[in-house]
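Q: Below, each chain spelled out in residue letters.
There are 2 protein chains.
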Amino acid sequence: MPKRVDHAQRRTEITEALVRVAGRRGLHAVGMRDVAAEAGVSLRLIQYYFETKEKLLLFGLEYLTQRFGERVAARIKAVGGAPGPRATIEALLLAALPTDDESRTFHFLYTSYAVLAMTDEALAAQPFIANPDAAEEAVAGLLRQAQDADLVAPGLDARGEAIGLLAMSAGLGTGILVGQRDAASATGVLRLHLDRIFGAP
Amino acid sequence: MPKRVDHAQRRTEITEALVRVAGRRGLHAVGMRDVAAEAGVSLRLIQYYFETKEKLLLFGLEYLTQRFGERVAARIKAVGGAPGPRATIEALLLAALPTDDESRTFHFLYTSYAVLAMTDEALAAQPFIANPDAAEEAVAGLLRQAQDADLVAPGLDARGEAIGLLAMSAGLGTGILVGQRDAASATGVLRLHLDRIFGAP
DNA sequence: TTTTTCATGGTACAGCCGTATCAAGTTGAT
DNA sequence: ATCAACTTGATACGGCTGTACCATGAAAAA
Numbered sequence: 001m002p003k004r005v006d007h008a009q010r011r012t013e014i015t016e017a018l019v020r021v022a023g024r025r026g027l028h029a030v031g032m033r034d035v036a037a038e039a040g041v042s043l044r045l046i047q048y049y050f051e052t053k054e055k056l057l058l059f060g061l062e063y064l065t066q067r068f069g070e071r072v073a074a075r076i077k078a079v080g081g082a083p084g085p086r087a088t089i090e091a092l093l094l095a096a097l098p099t100d101d102e103s104r105t106f107h108f109l110y111t112s113y114a115v116l117a118m119t120d121e122a123l124a125a126q127p128f129i130a131n132p133d134a135a136e137e138a139v140a141g142l143l144r145q146a147q148d149a150d151l152v153a154p155g156l157d158a159r160g161e162a163i164g165l166l167a168m169s170a171g172l173g174t175g176i177l178v179g180q181r182d183a184a185s186a187t188g189v190l191r192l193h194l195d196r197i198f199g200a201p
Numbered sequence: 001m002p003k004r005v006d007h008a009q010r011r012t013e014i015t016e017a018l019v020r021v022a023g024r025r026g027l028h029a030v031g032m033r034d035v036a037a038e039a040g041v042s043l044r045l046i047q048y049y050f051e052t053k054e055k056l057l058l059f060g061l062e063y064l065t066q067r068f069g070e071r072v073a074a075r076i077k078a079v080g081g082a083p084g085p086r087a088t089i090e091a092l093l094l095a096a097l098p099t100d101d102e103s104r105t106f107h108f109l110y111t112s113y114a115v116l117a118m119t120d121e122a123l124a125a126q127p128f129i130a131n132p133d134a135a136e137e138a139v140a141g142l143l144r145q146a147q148d149a150d151l152v153a154p155g156l157d158a159r160g161e162a163i164g165l166l167a168m169s170a171g172l173g174t175g176i177l178v179g180q181r182d183a184a185s186a187t188g189v190l191r192l193h194l195d196r197i198f199g200a201p
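Read top to bottom, the protein sequences are chains Y and U. Counted from 1, the first sequence has number 59 at position 59 by the UniProt record's numbering; the numbering is strictly sequential. Counted from 1, the second sequence has number 48 at position 48 by the UniProt record's numbering; the numbering is strictly sequential.
Since the hints were derived computationally from the structure, they do not count as laboratory data. In this text, all values refer to a predicted model and were calculated from it rather than measured experimentally. Treat each hint with caution, since some may be false.
In this list, chains with the same sequence are indistinguishable; a pair is considered to hold if it fits within one copy or across any two.
[Claimed, not checked] With a Cα cut of at most 25 Å, we get these calculated DMTMM-like pairs of lysine to aspartate or glutamate:
no., residue 1, residue 2
1, K77, E62
2, K55, E90
3, K77, E54
4, K55, E70
5, K53, D120
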C-alpha cells in the first residue's frame, strides 16, 4: 500500500483554502483551480478528495458552521459562568457580529451561502438553519432564566424577544459588512436594546 | 431614419426581464442570454441598450431601489396621514418585509447585490447604501416626533432605536427569505418591539 | 522482490460566458 | 425614390469552467 494520508485532515486543509480564497474574492467567484492554487496542490487533488464542486461547497458550509459554533462557545466561556444571563446573551450576540477578520469572512460567506441556498436545492436541504434555531433556543432559555431571577419583567415573551434580538444582531452584522455601520455603533445599539429588556444599567 | 424607439422604456423592459429571471434562478446564475430570452429579444439587443453586463446589473440595481422606494411610500400613504408616528413606522417596517412575491424577489436580489458589492468595486461605489440611510433618518425623525407628542419616553435615543428597528426588520426579512421564519411571526416580533418602545397597546 | 493499492500530477474535453464583428432590415427625412 | 441614421439579427471568438481520463510515484503487503 502507499503512504496512507489522513483524509479528514487533507479535506480540512483544502476547505480552509476554500474559505480563505472565497473570503477574499467572493464565494461566487471561486473555482476549483483557485482552491487548488490557494492550497498549493494540484487541481486533481481537489477532485480526489471532493469528487465534485458541490460536495466541496457543502463541506465548506459545514466547516464554517462548526467553526462558528466553537467561536461563540469560546466567547461565552470567556465571560465566565457566574455573571448572569445578561452578560451571556451579550457575549453571544457580540460574538456573532463581524468585528474582526475571522468573523467578517464568516458572516460574508454565510450570507453568500444563504443566497445560493435560495436557488440550490442541495444547499437548501442543508440544515444550516438549525444553528440559528439553536441560538434562538439558547437566548430564549437565558431570558427565562433571567425571568426566574427577577432580572426582567415577568410578562416578557422570552421567545419573541430572543428572535428579535438575534434578528437585530444579524441585521447589524450585514450593516457592518457593507460598510454602512461600524462595529462600535452596532454594539452600542445592541446594548441599548438589552438595557431596555433588562433594567437600565 | 428607422422606427424610433423609446430607449428608456426598452431599457426598463429589459431590466424587468432581468429582475424576473434573476428572481427565479438567482442573480449569480443569470446570463445575458437568459435576459434576452426572458425579454423575448435577441442577445444583440441587450448589448445594444446596455453595452456591457456590468452596466445592465447596475441599472438593475437602480431599478430595484427606485421600485422599492415607491412601494414603501405607497404603503405609508395607504395608512393615511393622521394615525401618528407608530402606525407610520410600523407600515414602513412591514413594507420592507418579504411578505408577498414582489417584496420577496426584491429582498432576495437586494441581498444578492449586497454580496456582490462586497467584492465588486463598481457595485460598492453605488449608493444603494444611501437608501437605508434615508430610512434610518425617516424612522429617527418619526421617533423624535413621537417624543414631542409624549408618546414615547423623553430620554429615548431616537437614532439608536431607529437603527435597531431597521436592523431587526432586515434580519427578520432574511429569516423569512431562507424559510426559517414565516411572515406572521416576523410581524409579531416587530410589533412586540414597537410595543415596548411606545407604551403597551 | 514483486505485487497491489493508494495518492498525485498533467492534460484534454465539452460547454458556457461576455463580447465583438459583420450584416441586414426599417423608416423618417430629403 | 434615395439616402442615411437607427435598430435588430446571426454568428464567431477567446477564455474560463467543472469534470474525465491517462499516467506515474510511492509504499505496504505478499
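Q: What are the numbers of the hints the structure violates, in ascending order?
A: As far as the earlier hints go, 2 and 3 are violated by this structure, in ascending order.
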